[in-house]
Amino acid sequence: MDTTQRTDQQRTADRRRRELLEAADRVVLRDGPQASMNAIAAEAGITKPILYRHFGDKGGLYAALATRHTDALLASLRAALDAPAERRERVEATLDTYLAAIEARPQVYRFLMHPSEGATTADQGFDVGKHSAPLLRRMGEELAQVIEERLDLGPESQQLARVWGHGIVGMMHAAGDWWLGERPCSRAELVRCLADLLWGRLAAAGDRVGGPGF
Numbered sequence: 001m002d003t004t005q006r007t008d009q010q011r012t013a014d015r016r017r018r019e020l021l022e023a024a025d026r027v028v029l030r031d032g033p034q035a036s037m038n039a040i041a042a043e044a045g046i047t048k049p050i051l052y053r054h055f056g057d058k059g060g061l062y063a064a065l066a067t068r069h070t071d072a073l074l075a076s077l078r079a080a081l082d083a084p085a086e087r088r089e090r091v092e093a094t095l096d097t098y099l100a101a102i103e104a105r106p107q108v109y110r111f112l113m114h115p116s117e118g119a120t121t122a123d124q125g126f127d128v129g130k131h132s133a134p135l136l137r138r139m140g141e142e143l144a145q146v147i148e149e150r151l152d153l154g155p156e157s158q159q160l161a162r163v164w165g166h167g168i169v170g171m172m173h174a175a176g177d178w179w180l181g182e183r184p185c186s187r188a189e190l191v192r193c194l195a196d197l198l199w200g201r202l203a204a205a206g207d208r209v210g211g212p213g214f
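Per my numbering, the sequence shown starts with residue 1, numbered consecutively.
Where hints are given, some of them may not hold.
[What the hints assert, rightly or not] Between beta-carbon pairs, the in silico distance windows are:
hint	residue 1	residue 2	range
1	Q159	P134	14 to 24 Å
2	Q107	G60	13 to 23 Å
3	R192	K48	13 to 23 Å
4	G45	G213	41 to 51 Å
5	R192	V163	39 to 49 Å
6	A133	G45	16 to 26 Å
7	R26	E156	45 to 55 Å
8	C193	I50	39 to 49 Å
9	S76	R11	35 to 45 Å
10	E189	Q107	41 to 51 Å
11	E156	T47	28 to 38 Å
12	G56	E156	39 to 49 Å
13	H54	V163	20 to 30 Å
14	G167	I50	36 to 46 Å
Simulated from the structure, these hints should not be mistaken for lab results. Treat the numbers as computed from the prediction; the structure is a model and nothing was measured. The C-beta atom is built at its ideal place from N, Cα and C for all residues, glycine as well.
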């Protein structure tokens, strides 16, 4: 098989995978945690064995969807952090970007973070923690990198940036999860309260010399 033929086959496989993920997205938007492999296969117009051939099992499909949505969310968070505004405004915009994302697509959020809510007999072996924890871990590491690039936190800057990154992601996740379920206040009020909680040390930290600024 020559290189051109292999490249064409890879493009075809990549396109088919995107189409299947788009079908899965439609089912997740409709069914949330109740989204099943059977429903996704039906939406894509294929049999379940073909879906397994592409993703292995529900864990493989979940991981592919998680990567797809996490990539988009991280791009939005970085855009909020890089916007031309005062630091406090960018902190609030970043918090609001996360909350707006989970508010706009609550079924997707619940599928990714609470998949066991809709577990069927066939899905009972699906390990929620094994699959959802890496999403938060990845977001924490990404945010830590952003913080380290932008702020001068002293001699322990790298370690402190990782503490802050994972701590902020944990706070956003826990507060957002509670807020999405109970709606005890407006999104703007929650953003303001969370920003107040973060603001003390962030306000005092200087920008890293040569960095993009925060």
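Checked hints:
About 21 Å separates the C-beta atoms of Q159 and P134, a value consistent with the hinted range of 14 to 24 Å. At roughly 20 Å, the beta-carbon separation of Q107 and G60 lies within the given 13 to 23 Å, and the hint holds. The supplied range of 13 to 23 Å is broken by R192 and K48, whose beta-carbon atoms lie about 47 Å from each other. Between G45 and G213 the CB atoms are about 49 Å apart, so this pair conforms to the stated range of 41 to 51 Å.
In this structure the supplied range 39 to 49 Å is violated for R192 paired with V163, their Cβ-Cβ distance being about 24 Å. A133 and G45 have their C-beta atoms about 33 Å apart, which leaves the hinted 16 to 26 Å range violated. R26 and E156 have their C-beta atoms about 47 Å apart, which keeps the hinted 45 to 55 Å range intact. For the pair C193 and I50, the supplied restraint of 39 to 49 Å holds, since their beta-carbon distance comes to about 48 Å.
The hint said 35 to 45 Å for the Cβ distance between S76 and R11, and at roughly 28 Å that hint is violated. Distance hint check: the CB atoms of E189 and Q107 are about 24 Å apart, inconsistent with the given range 41 to 51 Å. Taken as a hint, the range 28 to 38 Å is violated for the pair E156 and T47, whose Cβ atoms sit roughly 55 Å apart. For G56 and E156, the Cβ-Cβ distance of about 41 Å falls inside the hinted range of 39 to 49 Å, so the restraint holds.
For the pair H54 and V163, the supplied restraint of 20 to 30 Å is violated, since their beta-carbon distance comes to about 39 Å. At about 43 Å, the CB distance of G167 to I50 agrees with the hint of 36 to 46 Å.
Checked against the numbered hints above, the structure violates hints 3, 5, 6, 9, 10, 11, 13; every other hint is satisfied.
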